[in-house]
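Construct all of the structure, not just a fragment, from the sequences and the given hints.
Chains as they are written, first to last, in my numbering: chain A, 1 to 194; chain B, 1 to 194; chain C, 1 to 194; chain D, 1 to 194.
There may be inaccurate statements among the hints.
If several chains are the same, the list does not tell them apart, and a pair holds so long as it fits within one copy or across any two.
[What the hints assert, rightly or not] No farther apart than 30 angstroms at their CA atoms in a straight line, the calculated lysine-lysine pairs in the DSSO-like style are these:
(1) Lys67 - Lys36
(2) Lys108 - Lys67
(3) Lys43 - Lys68
(4) Lys133 - Lys22
(5) Lys11 - Lys67
(6) Lys11 - Lys36
Hints were generated in silico from the structure; no laboratory data involved.
Since this is a predicted model, take the numbers as computed values, not measurements.
There are 4 protein chains.
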Amino acid sequence: NHAAEGNSSNKIFASYSVYKGKAALSASPRLPTFAKLESGGVKVDRKGTIMLTFWPAIGERKYDWEKKQLFALSATEVGSLINLGPQDSCEFFHDPAMLSSNAGQVRKSLSIRPHTDGSGYFFSLSVVNNILKTNERMVVPVSSAEFAVMRTAFSFALPRIMGWDQYNNQQVGGITNSNSSKVLPHLIDSEWER
Amino acid sequence: NHAAEGNSSNKIFASYSVYKGKAALSASPRLPTFAKLESGGVKVDRKGTIMLTFWPAIGERKYDWEKKQLFALSATEVGSLINLGPQDSCEFFHDPAMLSSNAGQVRKSLSIRPHTDGSGYFFSLSVVNNILKTNERMVVPVSSAEFAVMRTAFSFALPRIMGWDQYNNQQVGGITNSNSSKVLPHLIDSEWER
Amino acid sequence: NHAAEGNSSNKIFASYSVYKGKAALSASPRLPTFAKLESGGVKVDRKGTIMLTFWPAIGERKYDWEKKQLFALSATEVGSLINLGPQDSCEFFHDPAMLSSNAGQVRKSLSIRPHTDGSGYFFSLSVVNNILKTNERMVVPVSSAEFAVMRTAFSFALPRIMGWDQYNNQQVGGITNSNSSKVLPHLIDSEWER
Amino acid sequence: NHAAEGNSSNKIFASYSVYKGKAALSASPRLPTFAKLESGGVKVDRKGTIMLTFWPAIGERKYDWEKKQLFALSATEVGSLINLGPQDSCEFFHDPAMLSSNAGQVRKSLSIRPHTDGSGYFFSLSVVNNILKTNERMVVPVSSAEFAVMRTAFSFALPRIMGWDQYNNQQVGGITNSNSSKVLPHLIDSEWER
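Structural data, given as structure tokens:
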């Protein structure tokens with residue numbers, strides 16, 4: 001289940017990061033990948049996520065990136081997060097080895113719980129690894145303002161990790177008009193078709 | 001009323017899908033088509049929609065795509081959906097044969113009703129076909145998190161199915177400046193004109 | 001104060017329109033125009049608006065476009081509209097001849113008032129023209145769903161009529177990197193400058 | 001700490017400005033800068049901000065731009081602002097000379113406090129400069145409608161000042177498909193990697 005680390009040209013580093021006493025947390029989108037169909041169309045191949053990275057403090061304002069733990073939020077988990085009211089909480093469970101022979105050996109859980117005074121949320125990541133016999137837990141308090149950044153940025157990113165920014169009218173005011181009903185009759189198919 | 005299935009090159013497949021016990025539901029935008037005017041302008045020819053597709057379960061985690069039913073949400077219906085409060089409901093009625101000789105023979109209705117505990121909505125599609133003498137109904141429970149994805153993604157898609165992403169300032173910091181008031185005086189017309 | 005009707009090539013027609021018993025209402029963005037500065041920069045020359053057009057019914061489902069009246073919402077008026085709660089109202093006053101010798105001769109006012117049952121708003125346009133001795137008034141009831149479309153589409157359009165879509169990072173993952181701090185040092189100016 | 005004023009070609013002027021009795025306030029985004037990595041990737045070098053500019057009135061409808069004071073809102077401060085409820089307030093403190101030998105000599109603070117009747121906010125900028133022995137304060141009342149413009153425009157700008165508009169699927173329906181999972185295997189890296 002280890003993905004090959006390929007060519008990293010074109011890779012973007014623009015995480016939103018918060019550094020707190022015990023650990024740091026950063027978030028950034030991972031775009032979907034697309035596959036061309038024989039029909040000429042294009043479909044989402046691997047879905048995008050918003051990747052959360054936790055890494056622990058090892059001194060005053062020093063953090064150990066080598067000890068980072070990842071948690072990839074799916075579109076629906078992002079929906080859950082951006083929908084949280086001030087007193088709401090949510091929790092997600094992932095098994096990175098799901099569907100492999102190591103299924104159940106590593107359990108990750110992310111919980112997001114409100115501060116008692118409504119001033120933000122605790123983001124807690126727990127990773128239990130039965131193979132390495134490790135049990136790690138990192139907690140990052142996120143203020144209301146930081147959470148508002150996440151909500152706005154994640155709402156911006158959500159259609160993009162779903163691939164919906166592909167549904168984009170080409171600019172027809174200029175030279176080309178490739179969405180013209182004359183040119184692309186297939187776009188007319190609709191609910192009438194059944 | 002069957003649209004020709006034309007060339008499907010350039011077609012995008014990036015639906016948001018939820019699979020539940022009795023049926024599955026997916027949503028994706030259908031962009032509008034545009035027509036060039038003799039004046040040189042461009043107008044929306046056929047309006048865009050957000051297409052909902054329901055298809056039934058035929059076993060554990062097996063679904064029959066051949067039995068799918070479509071429901072194309074108009075801009076205003078999308079507005080109704082994204083405006084739903086936790087206890088609100090809405091219902092839409094479509095006649096796919098409207099304005100044809102078969103008007104009234106097929107009735108589709110989509111109702112969206114809240115779970116009693118406020119944890120999401122039931123999406124129910126009913127299709128009564130008097131020609132085929134069929135009466136089908138599929139219900140998909142949609143969680144709050146899934147609905148939040150729909151609300152965010154539909155809000156992203158709404159201006160695009162309306163064609164409003166055509167109202168887009170060309171980047172003028174670079175080489176061209178085609179919106180300059182010198183170049184395109186017609187853009188100055190305003191409410192003063194009457 | 002009549003703007004010349006220039007070349008209408010590149011003009012986009014993608015209004016959102018609602019047709020009601022007494023009148024119809026449509027809305028579409030009017031983009032700003034830009035002027036190049038001698039310094040090489042670009043500034044907004046004429047601000048964009050969201051143009052509302054009212055035109056009266058003259059029979060069942062027949063409307064007289066020749067009798068249309070325009071009302072151009074400024075950015076701040078759009079802010080007022082998208083901020084309306086279910087029981088809020090607002091009213092705007094325009095003088096199309098403001099700053100000319102005809103100032104005060106034509107008065108337009110747009111009021112938006114909630115339905116008593118909270119199911120939407122009345123959009124009322126009044127135009128008093130002391131030169132033509134006319135006094136016109138058109139009222140269009142707008143449902144909650146239609147208003148939700150306006151709120152979402154106007155929120156999409158607002159940064160664009162302000163020209164803020166010009167503040168757009170060029171894609172740097174590809175060939176060019178024109179925002180690199182090496183290339184464009186002027187972008188470093190900040191609050192430190194005073 | 002003075003940034004060089006470089007080449008200003010490509011500079012965009014599209015501020016949102018409000019002019020009030022004692023002072024004026026304008027806002028506009030400052031995009032981040034990017035640096036290319038040796039690996040071929042791209043990272044945010046200097047973070048973007050939303051720049052607020054205050055400048056005082058010196059007569060009826062006359063303002064002195066030379067006396068302007070700047071305050072650059074970080075992403076998290078923007079999050080705090082767009083998250084403000086009608087009765088909420090916030091305050092930010094900046095030291096423009098932070099980390100230099102002049103640290104602590106200039107203190108800027110921006111407070112945003114609600115009108116008592118909930119009809120908007122007071123934006124107050126205070127600048128205490130111990131080197132110049134000056135102490136300036138400018139207050140601009142911002143109406144609810146103007147604040148709604150800021151909230152919408154700042155929400156639009158926030159992902160852009162964070163650099164998140166770089167996370168943008170290239171249009172794959174056309175000629176190129178550079179996000180294809182075959183072409184860019186590195187995009188497959190995920191939480192599984194640790």
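Hint-by-hint comparison with the structure:
no.	hint	result
1	Lys67 - Lys36	between (37 angstroms within a copy, 26 angstroms between copies)
2	Lys108 - Lys67	within (15 angstroms within a copy, 38 angstroms between copies)
3	Lys43 - Lys68	between (32 angstroms within a copy, 19 angstroms between copies)
4	Lys133 - Lys22	within (22 angstroms within a copy, 40 angstroms between copies)
5	Lys11 - Lys67	within (22 angstroms within a copy, 42 angstroms between copies)
6	Lys11 - Lys36	both (22 angstroms within a copy, 10 angstroms between copies)
Of the numbered hints stated above, none is contradicted by the structure.
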